[in-house]
Amino acid sequence: MINEGIIILIAILVLAIFTQNQSVAYAVAILLALKLLRLNTAIEWLDQQGLKWSIVFLTAAILAPFASGKVSIIEIYNNVKTPVGFSALLMGCFATYLAREGVTLMDTNPDLVPALIGGTIIGVSFFQGVAVGPLVASGILAFIFSIINRFIN
Numbered sequence: 001m002i003n004e005g006i007i008i009l010i011a012i013l014v015l016a017i018f019t020q021n022q023s024v025a026y027a028v029a030i031l032l033a034l035k036l037l038r039l040n041t042a043i044e045w046l047d048q049q050g051l052k053w054s055i056v057f058l059t060a061a062i063l064a065p066f067a068s069g070k071v072s073i074i075e076i077y078n079n080v081k082t083p084v085g086f087s088a089l090l091m092g093c094f095a096t097y098l099a100r101e102g103v104t105l106m107d108t109n110p111d112l113v114p115a116l117i118g119g120t121i122i123g124v125s126f127f128q129g130v131a132v133g134p135l136v137a138s139g140i141l142a143f144i145f146s147i148i149n150r151f152i153n
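Using UniProt numbering, the first residue of the sequence shown is number 1, and each one after it goes up by one.
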């Protein structure tokens, strides 16, 4: 008998194909293949370590222009001197703060994860978003909670 998780994955795959979102379609296809091949250890590894390693690979991709020599120290310096460049620097700092808060919120409130994932699936499928939604969304949520708590306490 097909379990609920497979049904959800198939529904997400259909939605991803319908909305032409290749990233989600590939991710679901990988998970379905692992499930069909009964590679439960790999699924468990993804569940426990996937977020950490995806951040490692994302960071490596972001840093690749430095390794390839496409970006120089002078370019960085000149860029940060501009209002837009300095704003980008500040927003990068703020985004990483939100991401940290998001990871903490998801760890301490795992009951929020299904709603965050659902929102991410909707955002990726219908708004051509990028699947970092749960991390960003939980970070924003943690930030909003901290502001609300300051007024309540």
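Derived from the structure by calculation, the hints contain no laboratory data.
One or more hints might be untrue.
Derived Cβ-Cβ restraints for the label pairs, each shown as a range [unchecked claim]:
id : residue 1 : residue 2 : range
1  : N79       : K35       : 40 to 48 angstroms
2  : F66       : R150      : 34 to 42 angstroms
3  : T108      : F86       : 14 to 22 angstroms
4  : N149      : I7        : 33 to 41 angstroms
5  : D107      : R150      : 20 to 28 angstroms
Within a straight-line C-alpha distance of at most 25 angstroms, the following computed SDA-like cross-link-like pairs (lysine to any residue) qualify [stated by the list, open to error]:
id : residue 1 : residue 2
6  : K52       : V103
7  : K81       : T96
8  : K81       : F66
9  : K35       : S54
The model shown is predicted, which means the values in this text are computed figures rather than measured ones.
C-beta atoms are modelled at their ideal positions from N, C-alpha and C, and glycine is treated no differently.
Hint check:
Hint check: N79 to K35, Cβ distance near 45 angstroms, so the stated range 40 to 48 angstroms holds. The hint said 34 to 42 angstroms for the Cβ distance between F66 and R150, and at roughly 38 angstroms that hint holds. A hinted range of 14 to 22 angstroms for the beta carbons of T108 and F86 is inconsistent with their spacing of about 33 angstroms. About 38 angstroms separates the C-beta atoms of N149 and I7, a value consistent with the hinted range of 33 to 41 angstroms.
A hinted range of 20 to 28 angstroms for the beta carbons of D107 and R150 is consistent with their spacing of about 22 angstroms. Note on K52 and V103: the hinted pairing holds, with a Cα-Cα distance of about 10 angstroms set against a maximum of 25 angstroms. With a C-alpha separation of about 21 angstroms, the suggested pair K81 and T96 falls inside the 25 angstroms cut-off, and the hint holds. Taking the CA atoms of K81 and F66, the gap is near 19 angstroms; set against the 25 angstroms cutoff, the hint holds.
This hinted pair checks out: K35 and S54 have alpha carbons roughly 20 angstroms apart, not beyond 25 angstroms.
Figure legend: structure checked against the earlier numbered hints; the only hint not met is number 3.
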